[in-house]
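Asker: Each chain, letter by letter, is given below.
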Amino acid sequence: MNRLFIAGAALLAAAALPNAASAQGTVKIGVISAYSGQFADTAAQIDNGIKLYMKQHGDTVAGKKIEIIRKDTGGPNPDVAKRLAQELVVRDNVDILAGFTLTPEALGAASVATEAKKLMVNMNAATAVITERSPYIVRVSVTLPQISETAGTWLATKGGAKKAYTMVSDFGPGIDAEAAFQRAFKAAGGEIIGSVRMPVANPDFSAFIQRAKDLNPESIFVFVPGGAQPAAIGKAFAERGLDPAKIKIMSTGEAVDEQAIKAMGDVSLGRLSAWHYDYNLKTKNNPAFVKAFNDEFKRNPDFFAVGGYDGMHLIYEALKKTGGKTDGDSLVEAAKGMKWESPRGPISIDPATRDIVQTVYIRKVEKVGDAIVNVDFDKIENVKDPAIGAFAPWPANPESRKVCARYTSGFRVRTQLRANPE
Amino acid sequence: MLPPIFGVLFDGIAYGMLLFVLSVGLSVTLGLMNFVNLAHCAFAMLGGYVTVTLVNIFGWPFLATLPVSFIAAAVTSVVLERVLYRRLYRASDLDQVLLTIGLAFISVSVAAYIFGTIQQPIATPAALRGSIDFFGLGLGKYRLFLIAVALLVTLAMVIGLEYTRFGAQVRASVDNQRMARGLGIDVDWTFASTFALGSGLAGLGGSLAIEIVGLDPNFSFTYLVYVLIVVSVGGLGSIAGSFAAAMLIGISDIAGKYYVPELGAFLIYLVMVVVLMWKPAGLFGKR
Amino acid sequence: MANPTPLTPQGYLLARTRWHPLEIAFWLATLLPFILFPNYLSLASQIAITALFALSLDIILGYAGVVSLGHAAFFGIGAYSAGLFSKYVWGEPFSGLLVAAALAGLLGYGTSFIISRFRHLPLIMITLGLGLLAHEVANSAHWLTGGSDGLQGVRTDPIFGLFRFDLYGKTAYAYSLAVLFIVFLCARRLINSPFGLALRGIRENWNRMPAIGADSRAHIRKAYTIAAVIAGICGALLTQTTNSASLESISFQRSADVLVMLVLGGAGRLYGGLIGAAIFMIARDQFSGIAPQFWYFWIGVLLVAVVMFLPNGILGGLSAIVARWRRK
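Taken in order, these protein sequences are the chains called E, A and F.
If you're matching positions, the first sequence starts at 1 in the working numbering and goes up one per residue.
If you're matching positions, the second sequence starts at 423 in the working numbering and goes up one per residue.
If you're matching positions, the third sequence starts at 710 in the working numbering and goes up one per residue.
No wet-lab data here; the hints were simulated from the structure.
The reader is advised that the hints may include incorrect statements.
Simulated crosslink set (SDA-like; lysine to any residue; CA at most 20 Å straight-line) [to be verified]: (1) 298/E with 286/E; (2) 262/E with 428/A; (3) 339/E with 380/E; (4) 213/E with 475/A; (5) 213/E with 547/A; (6) 262/E with 684/A; (7) 367/E with 552/A; (8) 282/E with 340/E; (9) 213/E with 563/A; (10) 379/E with 285/E; (11) 213/E with 684/A; (12) 213/E with 555/A.
To spell it out: a stretch of chain A is covered by chain F in this simulated footprint if at least three of its residues, at any positions, have a beta carbon under 8 Å from a beta carbon of chain F; those stretches are [as the list claims (entries may be wrong)]: (13) 503-515; (14) 537-551.
Beta carbons are placed, not taken as given, at the ideal position from N, Cα and C, and that holds for glycine.
My request is simple: use the sequences and hints to build the entire structure.
Answerer: Below, the structure is given as structure tokens:
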């Protein structure tokens, strides 16, 4: 034992310390995503966005060659994500961390970004609190409160609904969405007549929808994660006879994504949603983007893909601004306040929070020719993540403040921050 | 106007029927051959992808694809049985677990490679969409169809195993393999065809499940836990047991979500643990 | 095998406790990553943790014949309790380890009364059910565990106040390896004791052991509690070396993965879990480096190949081959 210990200590001391500095003339980007497992399609679409951007803009920027190294986390594993981030930094000498399909991945890698001083581009993970976890994180995707709060305000005002029932998946993002929607809906004068949280691993929704139907609500707000559930819940609405033409069914974009409305068919007509991107958007750059994406990958882009695409844009532009300097501080400075025209419309990075500021579109599922698509008919511009920005005040009513704090880990952190700002 | 409890029961039964079709094959192979086939849901996934391909690319009607998915899963399973499984009939359970988990892993990435990681949409015929009104109760047409198919499958299996020569051979092989061999029953052939039957049913279940739960490459693992629960609660090798267990799990899942949504995710696991503590061999199990 | 005279039980046990040269070589080899692969130390650290987890499963599965599909429950309890302890009490790692081990052991002792009553398929399914229930409890206790976002605010102090957990994972690996080695020594002692022998007896014949004075259920209860303690230590190690704890640490996937690793390496052998975990995780790292989307395929091929060519796991297969070769 003693001998072993001495040997171990000697080896520890002898372990090679310095790594060769990254080769001049290359910028390495480590992409950490859940390429396998339940969320594989999300990672695949982010990756398609990255590939398309590099194909369109070349793999050289500011005189440096861009090299992508992909790492698979297999799912919401913060420990694996952290290890991969460490390995990317120490083994592969990457200059930038990117990707992050899921919140736990981003939170796991955040400390590595801080310690190694590397720019970390969050291309998808949507929990509000992420950008506070490291001064090197920049988000180009979306935050759930950003969407659900907009949905709540819109539904209670322009949407003309006075009473709403909420149905969300029982996990972090779902609870974030529930709290943000309810807060905004109430603040705009609406009333929440009931709510239900559904297990995340939930193959059959009929029971929950029956519960909602029993209350005969004027409107329903839905949040379910992308994948199999959107179509399943949509079909269950139709089976229980909840007609989107009579009851306003509002949701975030996942619940009416392309695959879901294809699978639902006509019963999806009339469904409302608030979201930041759709392949059917008619912004300046979107039609060309969708065409190029289809040529390359034979499918339509979705918001995951646009996250990867915009993330690469941010990296390219930041590198141009720094003249090829790759240290985290210069890159983050360059990214702050950056504005550009994305396929989803004009977007920018809030210099104070490093979070995305973008337009939220209100859409309705309609038949256009033979196709069933989301058609946007209203929009709210320059929406920030509400919990930080001035968009919505923290609830004055102590009861709802308590509810918010209990419901969302992200919000709870903020109450503390508000109490003693650092 | 019927009270909502009937609607809950109806949904629970329909969901239970789906679980039954998915899991009865595993119950039979586990009970008959003592083979732990964790790749069972991979055959279900295969059936699902056959249906999706035929409907979306070749424009077949949904109903016509169901027999094809049954046959495709059955044939694939026989090939695997001859090449791989057969060698492990006498191996330890753990080796069987390792082999079949390995096959399930392979099925996941093969499906992702061929079909992409995307969620497969499927459009069922208009006749199966929407619901019919039954004394104020909206009964989903697809769920009615599901119940009908599952009842047909049950009937066919009960008749097949109770009243035919093949059924007698299967039962003889289950009860006493050595004796069955002594009586001149080709036990190997009986095993292979039973295995094919079980996997074929899984394939059929996979096709039927798309409409309710969707289909992506992870299907092989997503429903494995549910299937194992039904098999163990029902009791190995018992068709009636699987049927009762699937009903119990389906109804308690739906009723639990309706009446006590806070317990939604816990309930079926609780039911399983309680049933097994009460009857370790399962509801209708012999051992 | 080499000894022609029949052994007394004492002699048999004594012979088993002697260190084989290969064992010494194995433990020296665990130090190689410090020199040869200084950039792979975080991976090495997670392999060491997983190897210890596989060892804990081996005690109940390989030796006592209790197949568990819910072993991650104890891993998760350890992970969360170490994380919460560092968040609300203090960040000193060793005390966190002890707290995690104690809590996991307590839960293990409690559930062992259920576990020891069952065998075969019902046992597997009850462990699975309990594991899934534990997962749901962790998921629904958002306020405590952070739900699917993972536990936030874990902080681990430097070991002895001196060695900080660094970016290269040097401290993490040294720490995990040291714990692995110490726990391994205890497990080795346990397995080669009369108690370990009795466990093997129970695995082979559940009904006969009580007749010769070894109460099967009491033995199973003890073994299960010990395994839970070790699993709790593993969870705490993972939390402390990565400063994170998530639902994945308590998931069915982790229970299933560790079972696969143990069977891959060879259940019922002290080194089976260690070898299995190392091979599985290195293969996974390499394959997913090459094909991040399709590495499952190659892992699957690896598993099928091992079953076909090396039955009873890699160590089991190899020792059979060696035995056959010696007989010639």
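Asker: Hint by hint, say whether it matches the structure.
Answerer: Going through the hints against the structure:
1. 298/E with 286/E: Distance of about 16 Å is within 20 Å: holds.
2. 262/E with 428/A: Distance ~31 Å between residue 262/E and residue 428/A Cα, so the pair is violated.
3. 339/E with 380/E: holds, 17 Å
4. 213/E with 475/A: Judged against 20 Å, a Cα distance of about 35 Å means the pair is violated.
5. 213/E with 547/A: violated, 26 Å
6. 262/E with 684/A: Violated: residue 262/E and residue 684/A sit about 32 Å apart, past 20 Å.
7. 367/E with 552/A: holds, 19 Å
8. 282/E with 340/E: holds, 16 Å
9. 213/E with 563/A: holds, 18 Å
10. 379/E with 285/E: It holds: about 17 Å lies between the C-alpha atoms, which stays within 20 Å.
11. 213/E with 684/A: Holds - the C-alpha atoms of residue 684/A and residue 213/E are around 18 Å apart, at most 20 Å.
12. 213/E with 555/A: Holds, because 15 Å separates the two Cα atoms, which is no more than 20 Å.
13. 503-515: holds (count 6)
14. 537-551: It is violated, with 1 qualifying residues against the three required.
Hint violations for this structure: numbers 2, 4, 5, 6, 14, all remaining hints satisfied.
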